[in-house]
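Trainee: Here is what each chain is made of, one letter per residue.
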Amino acid sequence: MTNKINMVQAVNQALINEMELDDRVIVYGEDVGLEGGVFRATVDLQQKFGKERSFDTPLAESAIVGTAIGMAINGLKPVVELQFMGFSYPAFNQIISHVSRMRNRSRGRFTLPMVIRAPYGGGIRALEHHSESTEAIYAHIPGLKVVIPSTPYDAKGLLISAIRDPDPILFLEPKRIYRAFKQEIPAGDYELPIGKAKIVQEGEDITIVSWGAMVRDVQKAVEMVAKENIYPEVIDLRTISPMDRETIVESVKKTGRILIVQEAPKSFSVGSEIVSIVNEKAFLYLEAPPTKLAGFDTIFPLPRGEQYYIPSPERIAATIQEIVNY
Amino acid sequence: MKFEDYNPLEEKVFKIMDKKGKIINTDDMPNFTNDQLLYLYRTMLLSRTMDEKQLSYQRQGRMLTYAPNIGQEATQIGSAYALEKEDWIVPSFRELGAWLIHGVPLKNIFLYWYGNEWGSHMPEDVKVLPVSVPISTQLQHATGIGMANNIKKENNVVLTYTGDGGTSGGEFHEALNFAGVFKAPTIFVIQNNQYAISVPRIEQTASKTLAQKAIAYGIPGIQVDGNDIFAMYVATKEAADRARRGEGPTLIEAITYRLAAHTTSDDPTKYREDAEVEEWKTRDPILRFKTYLENKGILTKEWDEKMKKEVENEITSTFEEIEGKADTKIEEIFMYHYETMPPILEEQLKEYKDFLEGGKNNDK
Ligand SMILES: Cc1ncc(C[n+]2csc(CCOP(=O)(O)OP(=O)(O)O)c2C)c(N)n1
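Those protein sequences? They're chains S and G, same order as listed.
Under our numbering, the first residue of the first sequence is numbered 1, with each subsequent residue one higher.
Under our numbering, the first residue of the second sequence is numbered 1, with each subsequent residue one higher.
It should be emphasised that the hints constitute simulated quantities derived from the structure, not laboratory data.
Bear in mind the structure is a predicted one, so any value in this text is a computation, not a measurement.
Just to be clear, a hint being listed does not mean it is correct.
Below, simulated BS3-like cross-link-like pairs (lysine-lysine); rule was C-alpha separation at most 30 Å, straight line [said to hold, decoys possible]:
| no. | chain 1 | residue 1 | chain 2 | residue 2 |
| --- | --- | --- | --- | --- |
| 1 | S | K227 | G | K350 |
| 2 | G | K127 | G | K152 |
| 3 | G | K350 | G | K53 |
| 4 | G | K350 | S | K266 |
| 5 | G | K350 | G | K301 |
| 6 | G | K85 | S | K48 |
| 7 | S | K196 | S | K182 |
| 8 | S | K51 | G | K53 |
| 9 | S | K266 | G | K353 |
| 10 | G | K329 | G | K20 |
| 11 | G | K353 | S | K227 |
| 12 | S | K266 | G | K329 |
When you get a sec, could you build the whole thing from the sequences and use the hints?
Mentor: Here is the structure:
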């Protein structure tokens, strides 16, 4: 059986799926219970599973993540929501000092099967702190996995896998496409592998790596360059860290060119890491310099400047052509 | 008034005027001239009308997300009016009334909500910090400004605001603890408007009152009727006087109510009953103040109507000044990160402009 749903609904379905199967799964955060989340990702959970398994917390991200650590150590599987990625930083201390280190610190005695969900990314004309993509900061932390879906299908399968994963996962949801489109996806249970990228589209001429909301923009750009007989291979990372290097490297060996498209700032970024991997593993196959098309190294502008920031399909298409014609 | 007489553990709330506009505490009634009273009333009208206009512009698609202040006018206007021009205000994000009193131009306020960074570029003589979106983070800045006043031996004070939800995060504790330790001349006003988005005050903390948290920091804490402009003024004035005398910080819990939605993205019917809202409407801070002024013969119908028109014109003409004319220039996105723009930003700016001009996209 399938159903046609958007990404927020897919997240909601994954949560319900896991809460039904496993009563250790507990979902909480700010406005998560009665209201069902400011984006409605946790809607109906409290009604279905009661206040003990889905509830509102006081306004304190550090305590939301810090208590999830305690819950996970004590046998539960917390799936906590941070209302926006821009408000994850009060919890940063807990994440970098404990979430990511507990397994290693205790040599496996204490592990943290927990998920931290947060909407992220720009393009919704929002107030300050509601638009940034700081996945690189978290991907830099050893011991933490970072997962980003780009479709409703991926959101559901990846979130189910994340909840079942024995390790802590930061699950970032691209809010720009929360409701942008619906997809016919299985109504029931399915997993998608954490740590594996997906080849969204096969091609010969250039490898394009992207993730989150940018994947759709890349696909639009790919349609544009198809008119010029350029056929890119598009890879959706799905998991940022640990990164599926093999899929990227194999693709570059075939195409000889790589473009990374991200909305995060260009420097010190996930894209920078990918360029480094390609240089290490596929240097002799390269026919053009590995290239990043990214957000500027600036603070994400408020709405009246936002249109400049995120690479547009036109800009992606122009960059593809340049690399192919290098 | 004395803070000692209002022990928050006993839930004694400081009030001057009841909800019918009657003065029930004549001892503490401030001595305002009629001009002052009418100025306060006009500012309340300006604030309320601004909120209503913004909400309607937003519905028409002419404005973006907006956080209205409706119902909290007395809390903000009363408290901010107790400051001197040289004092500081460190706001959260819902402090329209305080901004207006402390000299933030309407144009700035519009620009901010219109989505342009220039909204936070305060005039040189306006000591108001920009909006701080991450809840309660600003409280520490307020403590720091106060600590600096002590070090610089300056006599001005700092007024900062947070919400009831804002009392739950670590920053709140740290800011008040520092303020207590360093005797910062900082006044913390918690606008207890009963909700943090959908989460009611009682689920925010098991403390009976928010004001009682002051006790743990060794500073005075008081509950004030936040819909009573006189009580808010007097309590804040007393706190400011204490601060100027070198006696340190004060915590004021203003008991009020957010009559409108959290922001334009919020639907409050999901989490609260209409009856509750209707009950609070009977305690509307503007209505109450208006009744007082009318009973005293200070406010006439004609003046009221004239003022309503005047503030409406002020608002619509300011909006006309910016609507469609406040797009950010590309350069501005890059210019304000450092005193001098580093080469990498210059390069990214140039590459992007080249792309827009149809030149080669050198973005490699
Ligand atoms: C650190 C942080 N977490 C979450 C948010 C999202 N958020 C914006 S306003 C708000 C509720 C604030 O409630 P309160 O402090 O009571 O102030 P009010 O909105 O009622 O004025 C939340 C959760 C935020 N801005 N900052």
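Trainee: Each hint: holds or not?
Mentor: We went through each hint and held it up to the structure:
1. S/K227 x G/K350: 28 Å, holds
2. G/K127 x G/K152: 17 Å, holds
3. G/K350 x G/K53: 40 Å, violated
4. G/K350 x S/K266: 15 Å, holds
5. G/K350 x G/K301: Given that 30 Å is the threshold and the Cα spacing comes to 59 Å, the pair is violated.
6. G/K85 x S/K48: Violated: G/K85 and S/K48 sit about 55 Å apart, past 30 Å.
7. S/K196 x S/K182: 23 Å, holds
8. S/K51 x G/K53: 39 Å, violated
9. S/K266 x G/K353: Judged against 30 Å, a Cα distance of about 17 Å means the pair holds.
10. G/K329 x G/K20: 51 Å, violated
11. G/K353 x S/K227: Roughly 25 Å between the alpha carbons, so the hint for G/K353 and S/K227 holds.
12. S/K266 x G/K329: Distance ~20 Å between S/K266 and G/K329 Cα, so the pair holds.
In terms of the numbered hints stated before, the structure departs from hints 3, 5, 6, 8 and 10, listed from lowest to highest.
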